[in-house]
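A.B. asks: Put chain B with the ligands on the given structure of chain A with help from the hints.
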Amino acid sequence: MSALLHAHLTRRQFLLSGGRFLVAAAGFPVLSCTAIPSGVSATDAIASNNKFNEPDPAVLGTWIALDAAGRVTVYFGKVDVGQGLDTAIRQLVADQLSVHPRRIQVVMGDTELTPDQGGASSASGVEMGSLPLMTVAAEVKHILLSHIAQQWQCPFSSLHVEDGEIFCDTLPSQRSSYWTLIASDALDQHWLAHMLEVSGQGNSLNVTGQATVVPQAALSTDSWTGQSLARDDIHQKVTGEFVMIDQISLPDMLHARVIRPQVAGATPLTLVLPDDMINDVFIVRRAAFAALLGEDEWRVIMASRALQQTWQEPAPVFPGDSGLYDYLRNTPARMQRVALDQGAVDAVLAGADLSTADLSTADLSTADLSAADLSTADLSATGLSAADLAEAGPVLQAEYEWPLQSHASLGPACAVAVWDGQRMTVWSATQKPHQLRVGVADLLELELVKVHVIWVPGAGSYGRNDADDAGLEAAFLARETGRAVRVQYQRADATGWDPKSPAAVMRVSARLLADGSIAAMDWSALALSAHDARPSGAQASDSLIGQQLGLERPDTNNFSAPQDAYDLANRRSQWAVVPPPLRHVSPLRTSHLRDPQGPQVTFSSECFMDELAFVSGQDSIAFRLRHLGDERDAQLLRALATESAWSSRPSPNPHADLRTSLPVTYSLLPGDNWRYGRGVAYCQRGRQTRVAVVCELAVDIQTGRIKLLRLVVAHDCGRVINPDGLRQTIEGAVMQACSRTLFEQVAFDDRSVLSTDWFSYPILEMASAPDQLQVLLLDRPDMPPLGAGEAAHKPVAAAIGNAVFDATAVRMRQIPLRPQVVLDALNRAQL
Amino acid sequence: MSRTASSTVSVVVDGLLFTPEVDPSMPLLYTLRNTLRLRNPRFGCGLGQCGACTVLVEGRPVRSCQLPTAAVDGQDVVTIAGLPARWQAQLAKASGEPGLTDTTQHQSLHPLQQAFIDQMAAQCGYCINGWLMSAVALLEENPMPDRDAINQAFAGLKCRCAMQMRFRAAVEQVAAS
Ligand code: FES
Ligand code: FES
Chain A
27 MSALLHAHLT RRQFLLSGGR FLVAAAGFPV LSCTAIPSGV SATDAIASNN
77 KFNEPDPAVL GTWIALDAAG RVTVYFGKVD VGQGLDTAIR QLVADQLSVH
127 PRRIQVVMGD TELTPDQGGA SSASGVEMGS LPLMTVAAEV KHILLSHIAQ
177 QWQCPFSSLH VEDGEIFCDT LPSQRSSYWT LIASDALDQH WLAHMLEVSG
227 QGNSLNVTGQ ATVVPQAALS TDSWTGQSLA RDDIHQKVTG EFVMIDQISL
277 PDMLHARVIR PQVAGATPLT LVLPDDMIND VFIVRRAAFA ALLGEDEWRV
327 IMASRALQQT WQEPAPVFPG DSGLYDYLRN TPARMQRVAL DQGAVDAVLA
377 GADLSTADLS TADLSTADLS AADLSTADLS ATGLSAADLA EAGPVLQAEY
427 EWPLQSHASL GPACAVAVWD GQRMTVWSAT QKPHQLRVGV ADLLELELVK
477 VHVIWVPGAG SYGRNDADDA GLEAAFLARE TGRAVRVQYQ RADATGWDPK
527 SPAAVMRVSA RLLADGSIAA MDWSALALSA HDARPSGAQA SDSLIGQQLG
577 LERPDTNNFS APQDAYDLAN RRSQWAVVPP PLRHVSPLRT SHLRDPQGPQ
627 VTFSSECFMD ELAFVSGQDS IAFRLRHLGD ERDAQLLRAL ATESAWSSRP
677 SPNPHADLRT SLPVTYSLLP GDNWRYGRGV AYCQRGRQTR VAVVCELAVD
727 IQTGRIKLLR LVVAHDCGRV INPDGLRQTI EGAVMQACSR TLFEQVAFDD
777 RSVLSTDWFS YPILEMASAP DQLQVLLLDR PDMPPLGAGE AAHKPVAAAI
827 GNAVFDATAV RMRQIPLRPQ VVLDALNRAQ L
Chain B
9 MSRTASSTVS VVVDGLLFTP EVDPSMPLLY TLRNTLRLRN PRFGCGLGQC
59 GACTVLVEGR PVRSCQLPTA AVDGQDVVTI AGLPARWQAQ LAKASGEPGL
109 TDTTQHQSLH PLQQAFIDQM AAQCGYCING WLMSAVALLE ENPMPDRDAI
159 NQAFAGLKCR CAMQMRFRAA VEQVAAS
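Protein sequence lines correspond, in order, to chains A and B.
The numbering used here numbers the first residue of the first sequence as 27 and each following residue consecutively.
The numbering used here numbers the first residue of the second sequence as 9 and each following residue consecutively.
The set of hints was computed from the structure by calculation and includes no laboratory data.
Don't take every hint at face value.
Label pairs and their in silico Cβ distance ranges [as the list claims (entries may be wrong)]: (1) 26/B / 288/A: 37 to 43 Å; (2) 98/B / 845/A: 30 to 36 Å; (3) 288/A / 25/B: 27 to 33 Å; (4) 163/B / 301/A: 40 to 46 Å; (5) 78/B / 845/A: 38 to 44 Å.
Positions of the beta carbon are idealized from the N, C-alpha and C atoms, including for glycine.
In isolation and in its complexed conformation, chain A is listed as follows (with noise of 0.2 Å):
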């Protein structure tokens, strides 16, 4: 038996243990349940196509299958990264077809038995990925009491389940479960056939039956929604029973350690092994592609060593991490977009010339509008008189910086490859597998029907790391070698080489009235774009195999801008794309890294907010209410101001060398250089989820370390499913946010990216993590529930650099705040 049918059979017999309905989910439509004779498996009879089976979305048996056992199978085109999506998904699936949820079992990013939902995207899976899932259960529901109303003879609205079990209001001795029904004849074997309407696709991808999903709202008191389940994957990930993908391993498997190049843009000219390896290890070699094999992982790491390389460098050309900020701003930009634009910013704006002015300094650059005339002025769109802005403060305006940051995976990317010779099969940690299967179709130039891809959880990422790479790599060795490939990143190709979070420089000016109200704010950045590598794996020319074989990427530009409900009449928001210094196989590649450009966008956005109540002398929270539009975010706020016991006063904290300045007392720091501040920021996430931070932190004066003492984290995304799970999700997504600010840079100079391992790329630990971390849940069960991965890592880093403007006084406009950083900063104001 082939390699690929072993694994291939023990995945299938897996699914088939639940009974012949698994395999109607599995097969449909390529097979029906009832066309596989006893004996032949389903593995056998879709290999007799040499063909992968499509997931069919419009057949009801693709999505869920039910089995005498009483046990319930959903089969989820998304992924969980590690934040207990799965059981969100069985605690809704259960409500709507009234069952517990401990019977659900769900089956993620499988491309030959789960449809294409997006994988993990924009922290869709619950928000989006959920609907179809919900809607599936309530039309089983539908179909097996259908047919209990019509063998009882009673209506439909006397019928009610209780974790499976019927039961009839008018017919008090009839009883009948779900599972009794499946097991009985009575029931027509193609039930699951049944045909639903489509509608959307990938992360929209959705499905409509003849019944109803049952509201949240609607949902009785003792819902699953609502609770904190347990996940069952932490017993599992402690115990050491969770299968990841680094234990994939295949009979016969060679084991894969990929050669990148010392310089940006090299091409190998000679890579040679020494003599007493090449018994051992091999070296596939195509275009600027090249691999090491071996049947002996450490014999592969230790030729990987021992290669003698020579490469064909390019001119360096790199600006260097000290000059990334000059290449944004005097690089020109390759597209611009206008994201918001209301009311005439210019109009209010006018006159001001700061294009001299330094704006990274501690105080924010003004210019003086006295001499302006504003006579000829057309104010008609502004909503403002000629007398309002004649009253109305200088121009203010400054400048915020954001590095390189890598994504730095835990485990460096890793999959596992067969092709026997007709199909390929690919196990991978992607995020999006059914994006991935397209991407192996695309470089390998194979009929789509002819790539499977099974996703198998990996290291946390949270957004495109570099497992897509790592899957299109062993899948082009597997099919050069004909062998089964495992491919294992070192740190160095994860670190060095993984998409990076995209660099920006923003700059933000308004004005404000002499009320302290907002006249006008103008808010733009000068950024690498986050889809120099797209979010998926779709499109090989975005892989850096795809690059080494010479495949061509197309321009492709996003940024983001701020998303508040701050109601200003004179509002503008704009970005550039600035093309990246190296446009193929570069290290410094952008791409999306957690709530993609939320952190960037919102440190400028959210620092400059306090910049403004700061020299308007007012409170940092009252000055952010005096401006909201919308009163969910209002609500949100002053929750969070009562949660954190915020006293109201502007910044800078007139006691900061007090720790009893702050509301909760410490344990005691040692030394007496320590300043203590408090900040807040706040954002939305899509419109849609609401998040507002307090952070309290100390800063040394004379070190500029910073120790995070308390982090509040107020959060709305609508209807709460599982307040625990979320609580852990928020918290994972603040901490990171923390890491980033205070210590995430990638450094390279002018040829090469010198952050490979975790001492040149360091991330948050134990010591630097608060001493608290609070999270306030604004549930709101009238509403559906939206997104929540993400939205907590967007505000963090602004309410970082304002709790230390209010210990300090001095302004931070630049990530990280390393300490040094932080005391050059506190040295200069100084001076």
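C.D. replies: Just chain B with the ligands, lined up with the frame of chain A:
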């Protein structure tokens, strides 16, 4: 196959004796994962910088990616799968009963495993060996650690899902009980 000199190493892992023939300079991580097929210790950096590969060697948390296999000859290695048995043995020792040697029989979890579950102290779980094993070793040595001691025991460990607060809470839960 391999041309490097291999030698026999005798090592007890999770209560079972193994005598693999391996390149003695090969890091223990690869012997565990590829030779013994015990794949819980994970590859995170291969540089001793993250902790994903941590096992207990003679009770001390060790980065198995940095330790030549020869160094564990004649020693006792525990992976997270061996924690329930280790805990049972410690209980038995404390009560004077003979220790359990059958690691296959179902055993209750180590209190720290339970505390990690109670505190939901993992997202992806890729890092779990480092945090869990370091926590076990810490509490065996110091049952009532303060935060400085916890910081020290966890120094160098990485968690990209940023579950630090929960790892600390799990240790504090067990210390308090
Ligand atoms: S893999 Fe051993 S410390 Fe990172
Ligand atoms: S739980 Fe994902 S790296 Fe720690």
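A.B. asks: It remains to establish, for every hint, whether it holds in the given structure.
C.D. replies: Against the structure, the hints come out as follows:
no. : hint                      : in the structure
1   : 26/B / 288/A: 37 to 43 Å  : holds (39 Å)
2   : 98/B / 845/A: 30 to 36 Å  : violated (42 Å)
3   : 288/A / 25/B: 27 to 33 Å  : violated (44 Å)
4   : 163/B / 301/A: 40 to 46 Å : holds (43 Å)
5   : 78/B / 845/A: 38 to 44 Å  : holds (41 Å)
In summary, the structure is inconsistent with hints 2, 3 from the numbered list given earlier, while agreeing with the others.
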